[in-house]
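Undergrad: Protein sequences, first through last, are from chains A and B.
Residue numbering for the first sequence is 98 to 253, as defined by the working numbering.
Residue numbering for the second sequence is 105 to 207, as defined by the working numbering.
One or more of the hints may lead you astray.
List time: in silico EDC-like cross-link candidates among lysine to aspartate or glutamate, alpha-carbon distance up to 16 Å [unchecked claim]:
| # | chain 1 | residue 1 | chain 2 | residue 2 |
| --- | --- | --- | --- | --- |
| 1 | B | 119 | A | 212 |
| 2 | B | 199 | B | 118 |
| 3 | B | 196 | A | 234 |
| 4 | A | 236 | A | 195 |
| 5 | B | 187 | B | 203 |
| 6 | A | 196 | A | 243 |
| 7 | B | 123 | B | 202 |
| 8 | B | 158 | A | 243 |
| 9 | A | 183 | A | 234 |
| 10 | B | 199 | A | 243 |
| 11 | B | 171 | B | 129 |
| 12 | B | 171 | B | 118 |
| 13 | B | 123 | A | 168 |
| 14 | B | 119 | B | 202 |
| 15 | B | 183 | B | 129 |
| 16 | A | 242 | A | 195 |
| 17 | B | 158 | A | 234 |
| 18 | A | 245 | A | 168 |
Covered stretches of chain B (in silico footprint by chain A; criterion: 3 or more residues with CB under 8 Å from a CB of chain A, positions within the stretch not fixed) [stated by the list, open to error]:
| # | segment |
| --- | --- |
| 19 | 106-117 |
| 20 | 136-149 |
Derived by calculation from the structure, the hints in this document are not laboratory data.
Ideal Cβ placement from N, Cα and C applies to all residues, glycine included.
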Amino acid sequence: MKQTRRNLLQASGGVTVIALAASAGIFKSGNVYAADWNKAAFDTKNLQETVKAMGGTAATESKDINIVSPDIAENGAVVPVSVASKLAKTESISILVEKNPNALSAAFDIPGGTEPFVSTRVKMGQTSNVYALVKADGKYFFATKEIKVTLGGCGG
Amino acid sequence: MADPMKIRASVMGDKVVVKVLMAHEMETGQRKDSAGKTVPAWFIQNVIATHNGKTVLSAQWGPAVSKNPFLEFRFSGGKAGEKVVVTWTDNKGDKRSDEATIS
């Protein structure tokens with residue numbers, strides 16, 4: 098009788114340990130996601146900081162990067178932005194909005210075989226310069242375009 | 105589990121054009137609710153698209169990507185009938201994977 102109870106206690110103790118291990122495991126996998134995500138870069142406030150957070154030193158302006166977006170966005174919550182790069186060996190394309198709380202909106206890695214082009218939609222708090230930051234052949238280049246945001250549809 | 109993505113992949117010339125529409129709130133963490141409490145950030149952080157097991161695009165997103173995100177990209181080497189798989193992971197660790205056949 099005593100033996101049975103001890104077994105039971107041991108068994109339940111074992112279950113607790115497994116549960117703890119499982120929760121620790123979940124926590125760990127959460128950290129792994131965060132590791133894939135460059136938090137430092139997404140915390141930056143401007144282009145130069147972003148370049149540094151991505152491991153570069155400085156970005157130079159390039160005419161080989163093309164930003165396609167409306168000049169005036171009526172709804173700042175949905176601003177379509179496309180970026181195409183003509184630079185050889187384009188490795189990544191990032192979209193930055195200067196006056197957002199955090200500049201970096203999205204960063205795309207372009208593997209070989211994929212066209213250096215992405216199109217997405219970003220949020221903009223107010224009229225701002227939008228930067229396309231391209232890493233090509235180990236160096237950073239950018240292009241910029243001002244997009245006006247008209248809230249309330251008053252124009253201007 | 106989040107709603108499925110809408111993925112369209114079609115051959116155009118020698119490239120495959122992939123358009124993805126995801127269903128996600130993309131909460132910025134800047135907004136406040138009616139009670140004045142900050143709504144916690146909830147957004148897609150990682151997106152990976154693969155074709156025949158090869159990654160054709162990977163992305164890191166911040167909360168400034170619009171709600172129900174749209175994404176378009178093009179890659180070469182795909183044929184009609186093959187599959188493109190898109191997977192996203194958000195900052196809560198939630199995951200969703202969907203596939204589409206190239207047409």
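Undergrad: Find the hints from earlier in the document that the structure breaks and name them by number, from lowest to highest.
TA: Going through the list in order, the structure violates hints 2, 3, 4, 8, 10, 12, 13, 14, 15, 17, 19 and 20 and respects the others.
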